[in-house]
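J.: When you get a sec, could you build the whole thing from the sequences and use the hints?
Protein chains in written order, with our numbering: chain A, 1 to 424; chain B, 1 to 323.
Fair warning: there could be bad hints in the mix.
[Unchecked claim] Think about it this way: if two alpha-carbon atoms lie no more than 16 Å apart in a straight line, the pair counts; the simulated EDC-like pairs of lysine to aspartate or glutamate are:
hint, chain 1, residue 1, chain 2, residue 2
1, A, Lys-411, A, Glu-366
2, B, Lys-97, A, Glu-384
3, A, Lys-409, A, Glu-384
4, B, Lys-97, A, Asp-273
5, B, Lys-97, A, Asp-316
[To be verified] Just the calculated beta-carbon pair ranges, DEER-fashion:
hint, chain 1, residue 1, chain 2, residue 2, range
6, A, Ser-185, B, Ser-61, 27 to 33 Å
7, B, Ser-61, A, Ser-347, 53 to 59 Å
8, A, Ser-347, B, Gly-93, 48 to 54 Å
9, A, Ser-347, B, Thr-212, 46 to 52 Å
Quick caveat, the hints were computed from the structure, so don't treat them as lab data. All C-beta atoms, glycine included, are put in the ideal place defined by N, C-alpha and C.
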Amino acid sequence: MLFSRNGYYDSRVIEGARVIDPVEGIDAALTVTVENGVITRLEPASARPGFVLAPAFVDPHVHLRTPGREDEETIASGTGAAAAGGYCAILAIPNTEPVVDSAAVLASLVEKAKNEALVPVGFMAAISKGQQGTELTEMGELAEAGAAGFTDDGRPVVSPGLMRRALQYSPVAGRRIAVHCEEPSLTRGAQMHEGVVSAELGFGGYPSVGESVMVERDLSLAGYEGQPIHLMHLSARESVEALSRAQAGGVQATGEVTPHHLCLTDEAVRSLDANVKMSPPLRSSDDRDALVAGLRDGTICAVATDHAPHARQEKDVPFEEAPFGVTGLETAFAALNTHLVGPGLISLPTLLERMSTGPARAFGLEPPRIAVGAPANLVLLDTEAAWRVTEDGFRSRSANSWLLGQTVKGKVLMTIAAGRVVHE
Amino acid sequence: MTTNAFLRPARRHLLSIDDLVREDIERLLATARSFESALEREMKKLPTLRGRTVVNLFFESSTRTSSSFELAAKRLSADVMTIRAAGSSVDKGESLKDTALTLNAYDPDVIVIRHEAIGAPQLVADVTGAHVVNAGDGKHQHPTQALLDLYTIQQEFGRIEGLHVAIVGDVLHSRVARSNIQALVMCGARVTLVGPPTLIPRGIEAMGCESTADIGAIVEADVVYVLRMQRERMLEGANYVPSLREYTALWGVTPERLRPGQKVMHPGPMNRGVEIDPRVADSPDALIEAQVRSGLVTRMAVLYDLLTHGPVVVPTAAAMEVA
Numbered sequence: 001m002l003f004s005r006n007g008y009y010d011s012r013v014i015e016g017a018r019v020i021d022p023v024e025g026i027d028a029a030l031t032v033t034v035e036n037g038v039i040t041r042l043e044p045a046s047a048r049p050g051f052v053l054a055p056a057f058v059d060p061h062v063h064l065r066t067p068g069r070e071d072e073e074t075i076a077s078g079t080g081a082a083a084a085g086g087y088c089a090i091l092a093i094p095n096t097e098p099v100v101d102s103a104a105v106l107a108s109l110v111e112k113a114k115n116e117a118l119v120p121v122g123f124m125a126a127i128s129k130g131q132q133g134t135e136l137t138e139m140g141e142l143a144e145a146g147a148a149g150f151t152d153d154g155r156p157v158v159s160p161g162l163m164r165r166a167l168q169y170s171p172v173a174g175r176r177i178a179v180h181c182e183e184p185s186l187t188r189g190a191q192m193h194e195g196v197v198s199a200e201l202g203f204g205g206y207p208s209v210g211e212s213v214m215v216e217r218d219l220s221l222a223g224y225e226g227q228p229i230h231l232m233h234l235s236a237r238e239s240v241e242a243l244s245r246a247q248a249g250g251v252q253a254t255g256e257v258t259p260h261h262l263c264l265t266d267e268a269v270r271s272l273d274a275n276v277k278m279s280p281p282l283r284s285s286d287d288r289d290a291l292v293a294g295l296r297d298g299t300i301c302a303v304a305t306d307h308a309p310h311a312r313q314e315k316d317v318p319f320e321e322a323p324f325g326v327t328g329l330e331t332a333f334a335a336l337n338t339h340l341v342g343p344g345l346i347s348l349p350t351l352l353e354r355m356s357t358g359p360a361r362a363f364g365l366e367p368p369r370i371a372v373g374a375p376a377n378l379v380l381l382d383t384e385a386a387w388r389v390t391e392d393g394f395r396s397r398s399a400n401s402w403l404l405g406q407t408v409k410g411k412v413l414m415t416i417a418a419g420r421v422v423h424e
Numbered sequence: 001m002t003t004n005a006f007l008r009p010a011r012r013h014l015l016s017i018d019d020l021v022r023e024d025i026e027r028l029l030a031t032a033r034s035f036e037s038a039l040e041r042e043m044k045k046l047p048t049l050r051g052r053t054v055v056n057l058f059f060e061s062s063t064r065t066s067s068s069f070e071l072a073a074k075r076l077s078a079d080v081m082t083i084r085a086a087g088s089s090v091d092k093g094e095s096l097k098d099t100a101l102t103l104n105a106y107d108p109d110v111i112v113i114r115h116e117a118i119g120a121p122q123l124v125a126d127v128t129g130a131h132v133v134n135a136g137d138g139k140h141q142h143p144t145q146a147l148l149d150l151y152t153i154q155q156e157f158g159r160i161e162g163l164h165v166a167i168v169g170d171v172l173h174s175r176v177a178r179s180n181i182q183a184l185v186m187c188g189a190r191v192t193l194v195g196p197p198t199l200i201p202r203g204i205e206a207m208g209c210e211s212t213a214d215i216g217a218i219v220e221a222d223v224v225y226v227l228r229m230q231r232e233r234m235l236e237g238a239n240y241v242p243s244l245r246e247y248t249a250l251w252g253v254t255p256e257r258l259r260p261g262q263k264v265m266h267p268g269p270m271n272r273g274v275e276i277d278p279r280v281a282d283s284p285d286a287l288i289e290a291q292v293r294s295g296l297v298t299r300m301a302v303l304y305d306l307l308t309h310g311p312v313v314v315p316t317a318a319a320m321e322v323a
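T.: Here is the structure:
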């Protein structure tokens, strides 16, 4: 399901770091040895302050813009950005031009990834042909060709009938259905969260219920069909509460949340900066609190960046004319370490789990772990290092980051993905 | 130049009423009053902004706002040019940023911009060296409209503090309403929004106003401010109101719904017979023409204030030799 350039494996000795692995239950000062891409020794050591070694991150939600918008991102640049962000695996979203809705398109991406991908990448395929919401894609054949999951992300599956069929059919493919929950008749003309700030600024509002009514519908359908479902980029308190209720009722549902929804609220939109315009939108501080609590207690098992690169000229326009989406791969850990771990809203081990094991399990991927004999998928962090986010520091082809110009704490010093050092 | 001029940011803009505090509004209204008395003279042109350049950049149709900005700049002896999107390089696909940069090459002192997208004036302020005045951006703000409305109210009542203003109609799509709510609340007026619940934005009470769907509430107000029913902003099938006919029946401002002596305002252009009864529009209690007149002196005050920072000194007749 994951594809990358192959060929070589690296060896490294990572001396004296606090090693945190929620899967193996490790939180200790160790020196870790990697030989030919495999972890071979774990030895007690004294840790350098701030240095943390953890299983590398997994991002289940990345827009690689390939095929079609290679000016914004390519497989090479997007996986380069992932490497810089500490990721050992990413899943690409199929809302490209053309849409990844046939085995032929998927096969060409797999070939490209085998030549270009620095970090292993999985390709999701569309639920419906052309993401038009009317006909199912050939999910069986797509899974055989290597699809990592199915989603129409970028747009919702409007028809409950089609959504039900997708869930019913999904065991044939054996892959997770991931849904972008939005009721379009409630979000027409929306530019930001509907609330006090949109009332004052005059923007068309995207109400919380525009998301949560679809969350409720999809959870009901998944429960009825007894199939697993993954809810993408949750933004509203009502959605988190619905997910929690469904999980308690036995629905196999997982959820993800983005760094920007965890760090910001709709107050940020007062700046009219096009780099805080995304969909779903930044919501109220009450919604943000619910998202943080959901991530902390595990209702939401995954951080997903929803990395959405946009060309400079497309964001360099008035807010109302700008496209939705921000980049996130290279800043996710720093943003969350600064805004959540720093103020004590979530512990570092929990955050690391939600950025690695959580998303891997949600999509049936082998979670990265730190154990003798395991393939090396490691991220070395300096949790104390402060740095300024600047446009020229990105490996992504795009720079539409909400953190531009800000100083954050927490730096990725090294990433080892599938046994190769991809960032140092 | 005031002594604390160095404390101010080097370049000021008027993008939103939010950029102002109450003292700013009071100073601007006082400046507008001095200009009004100056304009009563036979020689209407003041040399105050001679050698300054004002660019009017209008991407949306406008009669009263663009003409009043143009005349305001001319009355102050500034060089003024008005550029409309139709027939300009915008037609050829030029981005707003490039249009702004092109104009910036002429080193204008002020750029007045009207644009259909929220955030356009902010973008122009970010990329040019000019003072930027927002002459209306989408549904966001129209600060000079609010200032001229406050000026009109002040002229009529001698005060704003303690007055009760009812704003009636399509608040959701109205930049005029948003700027007016902010400015009126800032100056101590009580503001009540009246209209269909579908056209009153959720959460707007946080701006310090009240809201109701009951048209009967307008009878308590000192001023009834009627908003244009903006049909062109209504997304098709959005069902904000079942029909214009029903809107007029339930929220139209008619003589029967007013009490004698209540003042009525409207930012124009009016849909007579829709949001406002023609008998109301033409009554002596309507301040609609006064609003248009206020627009000129208020916009003169805004241009003057941005470019000088100081209290206005109306030149004596002797000093008024204009080329």
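J.: Next, verify each hint and record whether it holds.
T.: Do the hints match the structure? See the list:
no., hint, in the structure
1, A:Lys-411 to A:Glu-366, "25 Å, violated"
2, B:Lys-97 to A:Glu-384, "39 Å, violated"
3, A:Lys-409 to A:Glu-384, "6 Å, holds"
4, B:Lys-97 to A:Asp-273, "14 Å, holds"
5, B:Lys-97 to A:Asp-316, "7 Å, holds"
6, A:Ser-185 to B:Ser-61: 27 to 33 Å, "30 Å, holds"
7, B:Ser-61 to A:Ser-347: 53 to 59 Å, "57 Å, holds"
8, A:Ser-347 to B:Gly-93: 48 to 54 Å, "52 Å, holds"
9, A:Ser-347 to B:Thr-212: 46 to 52 Å, "48 Å, holds"
The structure fails to meet hints 1 and 2 from the earlier list, while all remaining hints are met.
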